Amino acid sequence: MIKINLLPHLSRKKAAVNRRAQLAGLGAVVVLLALMYAWWTMASEARSLRAEIAVTQQELKRYDEIAKKVAKFEADKKRLEEKIKTIDRLIASQTGPVRLMDQISRQLPNEVWLTGLREAGGRVTLQGFAFTDFAIAEYMTRLKRDGGLFSEVELSFSERTEVQKVPVKRFELTLRVKT
Numbered sequence: 665m666i667k668i669n670l671l672p673h674l675s676r677k678k679a680a681v682n683r684r685a686q687l688a689g690l691g692a693v694v695v696l697l698a699l700m701y702a703w704w705t706m707a708s709e710a711r712s713l714r715a716e717i718a719v720t721q722q723e724l725k726r727y728d729e730i731a732k733k734v735a736k737f738e739a740d741k742k743r744l745e746e747k748i749k750t751i752d753r754l755i756a757s758q759t760g761p762v763r764l765m766d767q768i769s770r771q772l773p774n775e776v777w778l779t780g781l782r783e784a785g786g787r788v789t790l791q792g793f794a795f796t797d798f799a800i801a802e803y804m805t806r807l808k809r810d811g812g813l814f815s816e817v818e819l820s821f822s823e824r825t826e827v828q829k830v831p832v833k834r835f836e837l838t839l840r841v842k843t
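All you need for my numbering is the position in the sequence shown, starting with 1, plus 664.
The hints are simulated quantities; they were obtained by calculation from the structure and are not laboratory data. This one's a predicted model, so the numbers in the text were calculated from it and none came from an experiment. Quick reminder that beta carbons are idealized off the backbone N, C-alpha and C, glycines included. It cannot be assumed that every hint is accurate.
Said to hold, decoys possible - So the derived label-pair ranges between C-beta atoms look like this:
| id | residue 1 | residue 2 | range |
| --- | --- | --- | --- |
| 1 | V762 | D728 | 50 to 58 Å |
| 2 | I666 | A688 | 32 to 40 Å |
| 3 | V719 | Q686 | 43 to 51 Å |
| 4 | E745 | P831 | 52 to 60 Å |
Build the full structure now, drawing on both the sequences and the hints.
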């Protein structure tokens with residue numbers, strides 16, 4: 665009778681199955697290690713990102729404080745500039761009437777005297793008396809030419825009258841002040 669040993673064949677099958685199980689286990693361990701490495705790198709990256717976020721938030725708070733200070737300084741600057749403009753306007757309006765009166769009196773000929781002066785809306789109205797029409801014309805010419813302060817000089821009216829029985833001309837001039 666011939667004997668056939670079937671055991672080695674079964675042991676070979678078992679060895680092959682064993683080898684497959686070992687390879688599958690080794691693969692599972694490798695995959696598990698890869699997953700753990702990936703989780704560890706992501707966790708450390710998340711920690712570093714959280715730290716960066718915290719630093720950025722601190723910087724943002726600091727910049728917000730600086731922005732508030734800048735806004736306050738800009739508001740103060742605007743307020744001070746408005747005050748300076750107001751002061752400049754007041755200084756200009758202070759010297760305006762002085763220049764106006766100086767120019768009107770400086771150009772006045774000897775034969776002319778003024779009795780009234782009104783200023784409103786950039787216009788000046790002068791009333792006065794003169795001995796002749798030529799003296800009035802001379803005064804108008806001087807105001808136009810020499811001062812440079814008036815853009816228009818117009819004669820509103822001129823009429824003959826008497827002051828203490830002396831014949832004179834009563835007149836009214838309208839001047840436009842240059843701005």
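Hint-by-hint comparison with the structure:
{"no.": "1", "hint": "V762 <-> D728: 50 to 58 Å", "result": "holds (52 Å)"}
{"no.": "2", "hint": "I666 <-> A688: 32 to 40 Å", "result": "holds (38 Å)"}
{"no.": "3", "hint": "V719 <-> Q686: 43 to 51 Å", "result": "holds (49 Å)"}
{"no.": "4", "hint": "E745 <-> P831: 52 to 60 Å", "result": "holds (59 Å)"}
Violated hints: none; the structure is consistent with every hint.
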